[in-house]
Amino acid sequence: MGGFTMRIYTLGALLLPLAITALLAGCSSDNNSRNDEPATPVPTPTPEAVTLGFEVTITNLTQNQPLSPVAIVAHDSTLRGWVVGQPSSAGLELLAEGGDNSEFLTGLEDSGSYTDVSGTAPLGPGATERFTLEFDEEEEVLLTIVTMLVNTNDAFSGLTQIDISSLAVGDSLQRLAPVYDAGTEFNSELVGTIPGPADGGEGFNAERDDVDFVARHPGIVSRADGYDASALEQSHRFDQPAMLLEITRTE
1 MGGFTMRIYT LGALLLPLAI TALLAGCSSD NNSRNDEPAT PVPTPTPEAV TLGFEVTITN
61 LTQNQPLSPV AIVAHDSTLR GWVVGQPSSA GLELLAEGGD NSEFLTGLED SGSYTDVSGT
121 APLGPGATER FTLEFDEEEE VLLTIVTMLV NTNDAFSGLT QIDISSLAVG DSLQRLAPVY
181 DAGTEFNSEL VGTIPGPADG GEGFNAERDD VDFVARHPGI VSRADGYDAS ALEQSHRFDQ
241 PAMLLEITRT E
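205 is the number that our numbering gives to position 205 of the sequence shown; each next residue is one higher, with no gaps.
Just so you know, these hints were derived from the structure itself, not from any lab.
As the structure is a computational prediction, the values presented were derived from the model and not from experiment.
It cannot be assumed that every hint is accurate.
[As the list claims (entries may be wrong)] Each pair of labels, with its calculated beta carbon distance range: (1) Val221 / Gly200: 13 to 21 Å; (2) Ala127 / Glu202: 22 to 30 Å; (3) Thr132 / Pro178: 49 to 57 Å; (4) Gln240 / Phe213: 37 to 45 Å; (5) Gln63 / Glu109: 43 to 51 Å.
Ideal Cβ placement from N, Cα and C applies to all residues, glycine included.
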């Protein structure tokens with residue numbers, strides 16, 4: 001009887017390690033099966049858009065030249081409002097002869113500008129107007145600002161490609177805007193050709209009867225200089241520049 005019991009114990013001692021080994025192997029197999037299953041991808045969170053904000057303050061520095069509603073455009077370095085020595089665009093011609101900036105703005109929008117804003121009324125001599133621009137963050141930000149001197153045939157004042165990319169929040173810069181001649185209408189100063197209050201004459205005319213390229217404006221002649229046929233007087237003269245621009249980053 002004792003020998004039989006001993007054999008049972010011996011057999012049990014031999015079988016127990018085998019059972020444990022089989023159990024561990026089964027667990028390992030289960031773990032491997034689970035590890036072989038593809039992991040569920042974690043979606044990358046979409047970063048929140050960063051908004052850039054700028055305030056543009058414009059002051060009319062002339063004695064008696066109302067400025068047409070100002071056009072301000074934010075864009076990258078591939079866009080220009082005009083190039084000295086090159087013909088004016090159709091939009092710039094319309095703006096410089098008649099003070100209408102709509103086609104100028106549309107042209108830059110179609111070319112990929114970020115955003116734009118326009119004044120709603122002329123800006124009188126000595127007056128100041130503020131504009132706000134807000135748009136999604138971009139690596140480079142440049143501004144084009146332009147307006148017509150309405151007591152002229154086709155003079156405009158402005159700057160194009162003002163680089164404000166490096167402005168930090170709270171920083172400002174100032175620029176003086178010179179006066180250009182669109183080169184699309186002869187500077188006759190004749191009665192009936194000046195759209196501003198000095199004459200109330202024709203504004204835009206599709207015919208180009210001048211040099212057909214942008215240049216710095218030589219200034220007006222006026223009756224004060226002995227040009228009796230001129231609709232303009234001494235107060236309509238303008239010294240460079242015509243506008244003071246202050247640009248501040250607000251956000």
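A quick look at each hint next to the structure:
no.	hint	result
1	Val221 / Gly200: 13 to 21 Å	holds (20 Å)
2	Ala127 / Glu202: 22 to 30 Å	holds (26 Å)
3	Thr132 / Pro178: 49 to 57 Å	violated (25 Å)
4	Gln240 / Phe213: 37 to 45 Å	violated (19 Å)
5	Gln63 / Glu109: 43 to 51 Å	violated (34 Å)
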